[in-house]
Amino acid sequence: MCILPELLEEIFIRLPLKSILRFRTVSKHCRSLLESRRFSEKRMSLQKNRRILAAYNCDCGDRPRLLTESRFEGDEEIVYLHCLASRPSLSCDGLLCFPEQDWIIVLNPSTRQLRRFPSGLNHKCRFGFGNNL
1 MCILPELLEE
11 IFIRLPLKSI
21 LRFRTVSKHC
31 RSLLESRRFS
41 EKRMSLQKNR
51 RILAAYNCDC
61 GDRPRLLTES
71 RFEGDEEIVY
81 LHCLASRPSL
91 SCDGLLCFPE
101 QDWIIVLNPS
111 TRQLRRFPSG
121 LNHKCRFGFG
131 NNL
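Here full-length UniProt numbering is used: the first residue of the sequence shown is 1, the next is one more, and so on.
There could be a bad hint or two in this list.
Claimed, not checked - In silico PhoX-like links for lysine-lysine, alpha-carbon gap of 25 Å or less:
no.: 1; residue 1: K28; residue 2: K18
no.: 2; residue 1: K28; residue 2: K42
no.: 3; residue 1: K42; residue 2: K18
Calculated directly from the structure, the hints in this document are not laboratory data.
Could you put the whole structure together from the sequences, leaning on the hints where they help?
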């Protein structure tokens, strides 16, 4: 039995992220579909109304705290982060950006993937974070 790729995509879009991450290992076809830009954009447009609160813990001994910008309404998914940054200062399409002294750190709380970029030696250089740059 063969499932049409369009139907498979519609099924995957409605799954929770944890299930989507598991399906990446099923086949090369599933992985390429789930990691495609088109799939990400379709899923993001469907998920726009869903809210995620981020909690962070900067010191290992402290209890995680909700970010002060967050207003808890009861239906949000809470993602706990551990980082050495003082505060997430930027966000765009679910990604968080932590500018640090020597690094720019970008975190995807949904997948818990983190990327570090050197901030550069040239202080005249500026970074932007957004989808309209």
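Q: Against the earlier hints, flag every one the structure doesn't satisfy and list their numbers going up.
A: none
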